[in-house]
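Keeping the supplied structure of chain L fixed, place chain Y upon it in accordance with the hints.
Note that the protein sequences, when read in sequence, are chains L and Y. Positions in the first sequence are counted from 1; adding 394 to them yields my numbering. Positions in the second sequence are counted from 1; adding 394 to them yields my numbering.
Check before you lean on any hint, since a few could be wrong.
Calculated cross-link-like contacts (lysine-lysine; reagent style DSS-like; alpha-carbon spacing at most 30 Å) [to be verified]: (1) K650/Y to K501/L; (2) K554/L to K501/Y; (3) K597/Y to K554/L; (4) K643/Y to K573/L; (5) K501/Y to K426/L; (6) K643/Y to K501/L; (7) K558/L to K576/Y; (8) K440/L to K404/L; (9) K576/Y to K501/Y; (10) K413/Y to K440/Y; (11) K643/L to K501/Y; (12) K440/Y to K430/Y; (13) K479/L to K501/Y.
Chain Y is faced by these chain L residues, among others (derived, beta-carbon under 8 Å) [as the list claims (entries may be wrong)]: (14) I406; (15) L452; (16) I468; (17) T499; (18) Y506; (19) F508; (20) A524; (21) C526; (22) L541; (23) A549; (24) D550; (25) Q598; (26) R600; (27) V654.
From the derived model, a few chain Y residues whose C-beta atoms are all more than 10 Å from chain L [claimed, not checked]: (28) K404; (29) K407; (30) R411; (31) V435; (32) I481; (33) D525; (34) A549; (35) D551; (36) Q566; (37) K597; (38) Q598; (39) T621; (40) D645.
The set of hints was computed from the structure by calculation and includes no laboratory data. Just so you know, even glycine gets a beta-carbon here, dropped at the ideal spot from N, CA and C.
2 protein chains.
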Amino acid sequence: MNLNNPFYSKIIKNTKRTKSHLCIGLDPDPLKIPSKFEPSVKGTEKFLTEVIQNTSDLCIAYKPNISFFEAMGIDGLRMLERLCKLIPSTIPIILDAKRGDIGNTAKKQASYLFDIFGADASTVNPFMGADCVEPFLEYKDKFHFILALTSNPGADDFEKLMLKSGKFLYEQVIDTCSKWNKTYGNVGCVIGATKSELASVRKQDRTLPFLVPGVGAQGGDYHDTSTQTKNDDDIVLINVSRGVLYISKEDDYLDKMRTVIVKNYTSKV
Amino acid sequence: MNLNNPFYSKIIKNTKRTKSHLCIGLDPDPLKIPSKFEPSVKGTEKFLTEVIQNTSDLCIAYKPNISFFEAMGIDGLRMLERLCKLIPSTIPIILDAKRGDIGNTAKKQASYLFDIFGADASTVNPFMGADCVEPFLEYKDKFHFILALTSNPGADDFEKLMLKSGKFLYEQVIDTCSKWNKTYGNVGCVIGATKSELASVRKQDRTLPFLVPGVGAQGGDYHDTSTQTKNDDDIVLINVSRGVLYISKEDDYLDKMRTVIVKNYTSKV
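The following block holds chain L by itself, in its conformation from the complex:
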């Protein structure tokens, strides 16, 4: 991988520093935050501010899921703007938006994530093909995780269809990502943790970094998953959202959150 990419080099540093592959998913849900906070945009922002201030020494990245902010209305997006500024610049922000569209629209989408919110990385849906992904990759100092094999049951519907070539569709997506990565040097894949295909997918290209959701609430195990999915720089981003954020409704939530991270998502070595 391209060690000069600012996102990737920060991830390498943070992985060494924290002895963890943990990316904390910020999926704000006013109904799930600790009881001491008002279940509103304001209360949620206070909660997430505390989360960031008390976990940035323990994780390698944050992944705000923009849809959860959008569902709180435009005030939710203003909150996202402020939180993106609050996150220390050493901890990269993957703005999980799963965009992708024809060229002139994709340019607007990329500008939204990188110029408006100042994200360091994006997630991109590859369905519509190269000209819908490349406007993201043109942001060369940013990093882009392309959906390949996701952690949900619906992955069977299209991603896991067998092509006439003998490859699965997700394998074709990964091959295409390898090609894009050779040109741009800033490409990774989203690979779900709950999949039995983890080992074979990892063998397909040992260099691409994976962003791996599905650990925690969705059932994947952190240690097994990280061992199976690290690339040849020992890099993987294991995303946990609900399993960290909503660990307790009581006033002990920060202690519990840190304890869970250290116990479950940090290497004992």
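Below, chain Y without anything else, positioned relative to chain L:
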């Protein structure tokens, strides 16, 4: 198709009234609006307000492309909120956002489009499968156009891959949409106008309504395309964005816009 669906029944009425299949795409770009307007959010909103006030008798729907509003920052989204309220309730709003994600996220995405902006229909990316699309379909009084075969060159990369089953991926998507439509009664497909496959795709399911981009700036012909893509209720939504919005930079833009619509996008019969 389900004639009781509020979106679909409005489209039928509007098609008869206007003798047109035209859906006007609202893709605001401050640098392309007529010179009399300031190239800002404010100027763009004034321009789009005039467009809506002067074309709603000539089109069957509006399709704001949310990415163009997002790229103008959060003020751009506030503008979208106001414009959605301005559009007469007889003219449905397809909010083109191409979302789709695992269940709990897709619910948030659908809520954003329908509860926050009050859209009547959405566009959905099917890549991640059924559980990522169904939270949209659960909004039963709304309508949902699933990406199947798009108008860009990148459609060759994945959509047009041949499956082991002997079908193309886009044919498999259309088959799945037919199945979803049997359950939910509110499903259509996005099919690009520039494709040689239009006739065969139309034969695959004569009931699904198509939303067809690619006419105008992207090269497709309106009359040929609408003849080839109408369903068995004579319904199709032909989207034109740049070919209507940016027809003139001069003060005659409203006259020119109406003339172009009547001349190019209205049936002479």
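Here is how each hint holds up against the structure:
1. With a C-alpha separation of about 29 Å, the suggested pairing of K650/Y with K501/L holds against the 30 Å cut-off.
2. Between K554/L and K501/Y the CA atoms are separated by roughly 23 Å; this keeps the pair inside 30 Å, and the hint holds.
3. A hinted pair counts as satisfied when its Cα atoms are at most 30 Å apart, and K597/Y with K554/L qualifies at roughly 26 Å.
4. Our distance criterion of 30 Å between C-alpha atoms is broken by K643/Y and K573/L, whose separation comes to about 42 Å.
5. A C-alpha spacing of about 16 Å is found between K501/Y and K426/L, which places the hinted pair at or below 30 Å, so the restraint holds.
6. For the hint linking K643/Y to K501/L, the alpha-carbon distance of about 23 Å falls within 30 Å, and the restraint holds.
7. Only pairs whose Cα atoms come within 30 Å are accepted, and K558/L paired with K576/Y is accepted, the gap being roughly 29 Å.
8. With a CA separation close to 27 Å, the supplied pair K440/L and K404/L stays within the 30 Å bound.
9. This hinted pair checks out: K576/Y and K501/Y have alpha carbons roughly 21 Å apart, not beyond 30 Å.
10. At roughly 28 Å between alpha-carbon atoms, K413/Y and K440/Y fall within 30 Å of each other, so this suggested pair holds.
11. Annotation: proposed proximity of K643/L to K501/Y holds, straight-line Cα distance about 23 Å (limit 30 Å).
12. In summary, the hint linking K440/Y to K430/Y is supported, as the alpha carbons are separated by about 10 Å, within the 30 Å threshold.
13. As the CA atoms of K479/L and K501/Y are separated by approximately 27 Å, the hinted pair is consistent with the 30 Å bound.
14. A cut of 8 Å between beta carbons decides the hint on I406/L: the least distance to chain Y is about 28 Å, and the hint is violated.
15. Hint status for L452/L relative to chain Y: violated, with the closest Cβ pair at about 24 Å, above 8 Å.
16. At its closest, the beta carbon of I468/L sits 5 Å from a beta carbon of chain Y; the interface hint therefore holds under the 8 Å criterion.
17. Because the smallest distance between the Cβ of T499/L and any Cβ of chain Y comes to about 5 Å, under 8 Å, the interface hint for this residue holds.
18. Nearest Cβ of chain Y to the Cβ of Y506/L: about 4 Å, under the 8 Å cut. The hint holds.
19. Interface hint status for F508/L: violated, as the beta-carbon distance to the closest one in chain Y is roughly 11 Å, over 8 Å.
20. Because the beta carbon of A524/L sits about 5 Å from the nearest beta carbon in chain Y, less than 8 Å, this interface hint is met.
21. Look at C526/L: its Cβ gets to within about 5 Å of chain Y, closer than 8 Å, so that hint holds up.
22. Look at L541/L: its Cβ gets to within about 6 Å of chain Y, closer than 8 Å, so that hint holds up.
23. Taken as an interface hint, A549/L checks out: its beta carbon lies about 6 Å from the nearest beta carbon of chain Y, inside 8 Å.
24. Annotation: D550/L was flagged as interfacial toward chain Y, and the flag holds, the nearest CB pair being 7 Å apart, inside 8 Å.
25. Of the supplied interface hints, the one on Q598/L is violated, with its beta-carbon coming no nearer than about 17 Å to a beta-carbon of chain Y, more than 8 Å.
26. Look at R600/L: its Cβ only gets to about 23 Å from chain Y, farther than 8 Å, so that hint breaks.
27. Interface restraint check for V654/L: the shortest CB-CB distance to chain Y comes to about 20 Å, outside 8 Å, so the restraint is violated.
28. Against the 10 Å criterion, K404/Y stays outside the reach of chain L, whose nearest CB is about 26 Å from its own CB.
29. Residue placement check: K407/Y keeps its beta carbon more than 10 Å from all beta carbons of chain L (closest about 30 Å).
30. The beta carbon of R411/Y is kept farther than 10 Å from every beta carbon of chain L, the shortest such distance being approximately 30 Å.
31. With a closest Cβ-Cβ approach of about 13 Å to chain L, V435/Y is found to remain outside the 10 Å limit, as its non-interface label requires.
32. For I481/Y, the condition that its CB be more than 10 Å from all CB atoms of chain L holds, with the nearest at approximately 18 Å.
33. The beta carbon of D525/Y is not kept farther than 10 Å from every beta carbon of chain L, the shortest such distance being approximately 4 Å.
34. Not every C-beta of chain L lies more than 10 Å from that of A549/Y, the closest at about 6 Å, which undercuts listing it as non-interface.
35. Not every beta carbon of chain L lies more than 10 Å from that of D551/Y, the smallest distance being close to 3 Å; the non-interface claim is violated.
36. The claim that Q566/Y lies off the interface is violated: its Cβ sits roughly 7 Å from the closest Cβ of chain L, which falls inside the 10 Å cut-off.
37. K597/Y, annotated as away from the interface, keeps every beta carbon of chain L farther than 10 Å; the closest lies near 22 Å.
38. Q598/Y, annotated as away from the interface, keeps every beta carbon of chain L farther than 10 Å; the closest lies near 17 Å.
39. No beta-carbon of chain L comes within 10 Å of the beta-carbon of T621/Y; the shortest separation is about 24 Å.
40. The beta carbon of D645/Y sits about 26 Å from the closest Cβ of chain L, which is more than 10 Å, so the claim that it is off the interface holds.
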